[in-house]
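Engineer: For reference, the chains in residue letters:
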Amino acid sequence: MPELDFPAWIRITHVVNIIFISFLIRSGMEILGTHPKLYWNDDSKPGSEWARFTCKVMPRDKLYDTLDEEEDYSSIVAMPGHKQLGLGRHWHFVSVLGWILCGLAYVILLFATGEWHRFWPYSWAIFPQAFKDIVTYLSFDLPPTLPGQPYNALQMLTYGAVVFILAPFQILTGAAQSPAIEARFPWYVRMFGGRQWARSLHFLALLAFLVFIVVHVFMVVVHGFGKETAKMIFGAEVYPMAAAIITVSAIVGLVVLHWVATRYTLAYPRSTQRALGKVTNNARRLLLHRLRSRQDYSRADLTPEHRVNGKPPTSDEYKIMAAHNFADYKLEVGGLVERPMTFTQEELRTFPTRQTQRVLHNCVQGWTSIGEWTGVPLRQIVELVKPRPEVRYICFWTMQDSGRDEPSAPGGGQFYEVVDLHLAYHDQTLLAYDMNGGPLPIKHGAPLRLRLETQVGFKMAKWIERIEFLNDYSHIGEGMGGWREDHVYYDKDVGI
Amino acid sequence: MIISENTRLTERQKSRVLASVEDRGFTCESCHSGDFRVSEALHMGFLFLDEEHGTYMVALTCKNPDCAAPRTGIRLRHSEFLWDE
Chain D
1 MPELDFPAWI
11 RITHVVNIIF
21 ISFLIRSGME
31 ILGTHPKLYW
41 NDDSKPGSEW
51 ARFTCKVMPR
61 DKLYDTLDEE
71 EDYSSIVAMP
81 GHKQLGLGRH
91 WHFVSVLGWI
101 LCGLAYVILL
111 FATGEWHRFW
121 PYSWAIFPQA
131 FKDIVTYLSF
141 DLPPTLPGQP
151 YNALQMLTYG
161 AVVFILAPFQ
171 ILTGAAQSPA
181 IEARFPWYVR
191 MFGGRQWARS
201 LHFLALLAFL
211 VFIVVHVFMV
221 VVHGFGKETA
231 KMIFGAEVYP
241 MAAAIITVSA
251 IVGLVVLHWV
261 ATRYTLAYPR
271 STQRALGKVT
281 NNARRLLLHR
291 LRSRQDYSRA
301 DLTPEHRVNG
311 KPPTSDEYKI
321 MAAHNFADYK
331 LEVGGLVERP
341 MTFTQEELRT
351 FPTRQTQRVL
361 HNCVQGWTSI
371 GEWTGVPLRQ
381 IVELVKPRPE
391 VRYICFWTMQ
401 DSGRDEPSAP
411 GGGQFYEVVD
421 LHLAYHDQTL
431 LAYDMNGGPL
441 PIKHGAPLRL
451 RLETQVGFKM
461 AKWIERIEFL
471 NDYSHIGEGM
481 GGWREDHVYY
491 DKDVGI
Chain W
1 MIISENTRLT
11 ERQKSRVLAS
21 VEDRGFTCES
31 CHSGDFRVSE
41 ALHMGFLFLD
51 EEHGTYMVAL
61 TCKNPDCAAP
71 RTGIRLRHSE
81 FLWDE
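If you read the sequences in order, they're chains D and W.
As numbered in this note's numbering, residues 1 to 496 make up the first sequence, in order.
As numbered in this note's numbering, residues 1 to 85 make up the second sequence, in order.
A hint or two may mislead.
Unchecked claim - Facing chain D, a subset of chain W residues (Cβ under 7 Å, in silico): (1) 42; (2) 48; (3) 57; (4) 59; (5) 67; (6) 71; (7) 72; (8) 73; (9) 76.
Stated by the list, open to error - To list a few chain D residues with every Cβ distance to chain W over 12 Å, as calculated: (10) 22; (11) 55; (12) 63; (13) 64; (14) 142; (15) 211; (16) 216; (17) 259; (18) 267; (19) 314; (20) 325; (21) 412; (22) 440; (23) 443; (24) 479.
Derived by calculation from the structure, the hints in this document are not laboratory data.
Cβ atoms here follow ideal geometry from the backbone N, Cα and C, with glycine treated the same way.
From just these sequences and the hints, can you work out the full model?
Structural biologist: This is the structure we're talking about:
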């Protein structure tokens with residue numbers, strides 16, 4: 001066994017890890033705050049949460065949506081704070097990329113250099129020894145390190161568990177919350193007990209990390225702050241005073257880094273969205289964009305009361321049309337196509353292909369519900385109107401005016417979302433007019449909504465009135481690819 | 001057949017709607033006719049944030065065969081047409 005110490009790469013990855021994990025925790029709190037409730041069921045049934053981090057009470061006599069349930073957390077705990085889910089997601093995904101890369105480098109070097117021996121319990125005796133170490137700590141004494149090891153038995157088992165169990169578990173439960181992964185590999189999500197189990201376990205693992213960090217720092221102080229931090233700065237127990245000063249300075253530097261990043265994010269949200277998006281978009285498109293939904297939940301799985309996001313259009317035109325069962329509804333399909341077309345509700349309902357799918361709906365806020373949707377496969381509409389060769393995107397224009405209809409969302413204007421053309425060819429991409437065996441309810445997007453099962457819910461435009469084929473979307477709205485991308489800084493491609 | 005979220009009205013309820021149409025002098029926006037056929041009513045109080053509880057949009061169809069946009073609606077309170085004797 002090589003002599004185990006604290007080589008430079010361990011010290012460097014330790015510092016980098018601290019930076020990324022601190023950003024992950026704060027941005028994770030931002031994501032939690034947008035739907036501050038945790039469930040053990042994929043219905044996300046109101047009132048069934050096992051943990052809630054909000055005092056809001058929702059009305060019973062008026063339709064509310066999950067945007068109304070969103071909490072405004074302080075920037076002290078959330079990155080960036082103040083109901084900025086889109087920006088929080090950007091920070092979370094950039095941080096997780098950095099954290100995983102740092103972790104990979106650490107594990108590879110751990111095995112390449114033989115340093116992995118520090119985590120390997122060679123004898124069953126390590127376990128009772130670790131218990132004795134706990135008793136020793138509780139007796140206000142310090143347990144001895146293991147022979148030839150830099151750690152005592154308790155440290156060996158704890159650090160090993162954090163590196164090889166807790167961190168991978170956090171990555172796996174995070175991945176289980178990606179709609180693209182869930183849609184393509186439904187068994188993977190079931191492995192955790194369901195999507196909300198994965199979300200709850202992800203949160204519990206965060207708590208485990210927080211407990212570890214607090215105890216870890218406390219133990220560094222107990223063992224001797226200067227002596228212990230010197231190992232992570234100089235690689236040996238030398239210059240304890242200098243190590244203590246450098247460590248305290250580094251902690252202050254980390255706080256300043258967070259403060260600057262938070263202030264910049266809140267002051268310049270668009271440039272933050274663009275800059276962080278550049279880092280994560282390529283990774284997401286590479287890993288998730290080609291995944292196709294293969295979901296087929298049973299009828300028994302259907303959520304009795306599917307949750308709602310977005311509020312119906314309040315124009316009199318819409319209300320009158322709804323009172324007439326949408327008899328006057330017409331879907332316009334145009335833009336860069338050879339054959340612009342208009343479809344009545346009757347024509348859509350009597351299309352040659354009528355497709356039904358039972359799928360898990362993933363809201364960007366974190367809640368889920370399982371629904372059955374029936375409608376026309378979007379690829380059939382695409383084949384009829386024949387997009388020109390230069391077409392790359394499809395824009396779904398809706399009857400909703402967000403400023404008028406959605407007070408819980410900042411900004412106004414007609415709600416729209418842009419998706420990549422190739423997603424239209426996926427088997428479960430649907431223009432749905434029925435839900436759970438009946439007509440699509442008004443609150444879920446009647447008379448017509450999009451189902452795009454590998455993306456999060458906000459991309460699935462409701463109350464659709466027009467579909468436009470495009471080769472560029474930079475001229476629409478703020479040019480970010482959708483109303484939520486324009487106004488609340490979400491990503492355009494949301495496979496996670 | 002489409003089963004909607006709307007409330008089907010009895011003949012008596014439809015008569016009350018037509019009486020309200022007449023009382024208010026409600027006319028078709030397209031052809032200005034005041035002659036309508038009443039169909040269903042949509043309860044808006046719960047679904048739409050700008051509507052009070054107990055408010056309905058009652059579907060009216062203009063009887064003028066030459067009307068370009070015969071489908072319209074009138075906003076009524078529950079107490080104006082939906083009560084039963």
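Engineer: Evaluate each hint against the coordinates.
Structural biologist: Quick rundown of the hints versus the structure:
For residue 42/W, the shortest C-beta to C-beta distance to chain D is roughly 4 Å, which falls under 7 Å, so the interface hint holds. Interface hint status for residue 48/W: upheld, as the beta-carbon distance to the closest one in chain D is roughly 5 Å, under 7 Å. For residue 57/W, the interface hint holds, the least distance from its beta-carbon to any beta-carbon of chain D being 4 Å, beneath 7 Å. With a least beta-carbon distance of about 4 Å to chain D, the hint placing residue 59/W at the interface is held under the 7 Å criterion.
Checking residue 67/W against chain D: minimum C-beta separation of about 13 Å lies over 7 Å; hint violated. With its C-beta approaching chain D no nearer than about 5 Å, residue 71/W sits inside the 7 Å limit, and its interface hint holds. A least Cβ separation of about 6 Å between residue 72/W and chain D falls short of the 7 Å threshold, and the interface hint therefore holds. Satisfaction of the interface hint for residue 73/W is found here, the shortest Cβ-Cβ separation to chain D being roughly 4 Å, below the 7 Å cut-off.
At its closest, the beta carbon of residue 76/W sits 11 Å from a beta carbon of chain D; the interface hint therefore is violated under the 7 Å criterion. With a minimum CB-CB distance of about 40 Å to chain W, residue 22/D clears the 12 Å threshold, and the non-interface call stands. Distance check on residue 55/D: its Cβ is at least 22 Å (rounded) from any Cβ of chain W, clearing the 12 Å threshold; non-interface status holds. For residue 63/D, the condition that its CB be more than 12 Å from all CB atoms of chain W is violated, with the nearest at approximately 5 Å.
With a least beta-carbon separation of about 9 Å from chain W, residue 64/D fails to lie farther than 12 Å from that chain, contradicting its non-interface assignment. Once the 12 Å rule is applied to beta carbons, residue 142/D is consistent with being away from chain W; the minimum gap is 63 Å. Residue-level check passed: residue 211/D sits 43 Å from the nearest beta carbon of chain W, beyond 12 Å. With a cut of 12 Å on Cβ distances, residue 216/D stays outside the contact zone with chain W, its closest approach being about 49 Å.
With a least CB separation of 38 Å from chain W, residue 259/D remains clear of the 12 Å interface cut-off, as annotated. Interface exclusion of residue 267/D from chain W stands, the closest Cβ pair being 32 Å apart, more than 12 Å. Against the 12 Å criterion, residue 314/D falls within the reach of chain W, whose nearest CB is about 5 Å from its own CB. Distance check on residue 325/D: its Cβ comes as close as 5 Å (rounded) to a Cβ of chain W, failing to clear the 12 Å threshold; non-interface status is violated.
With 12 Å as the threshold on Cβ separation, the claim that residue 412/D sits away from chain W holds: the shortest Cβ distance comes to roughly 15 Å. In this structure residue 440/D is not separated from chain W by more than 12 Å, as the shortest Cβ-Cβ distance comes to only about 10 Å. Chain W draws residue 443/D into its interface by the beta-carbon criterion, the shortest separation being 6 Å against a cut-off of 12 Å. Distance check for residue 479/D against chain W: the nearest CB is about 29 Å away, which clears 12 Å, and the non-interface claim stands.
The structure fails to meet hints 5, 9, 12, 13, 19, 20, 22 and 23 from the earlier list, while all remaining hints are met.
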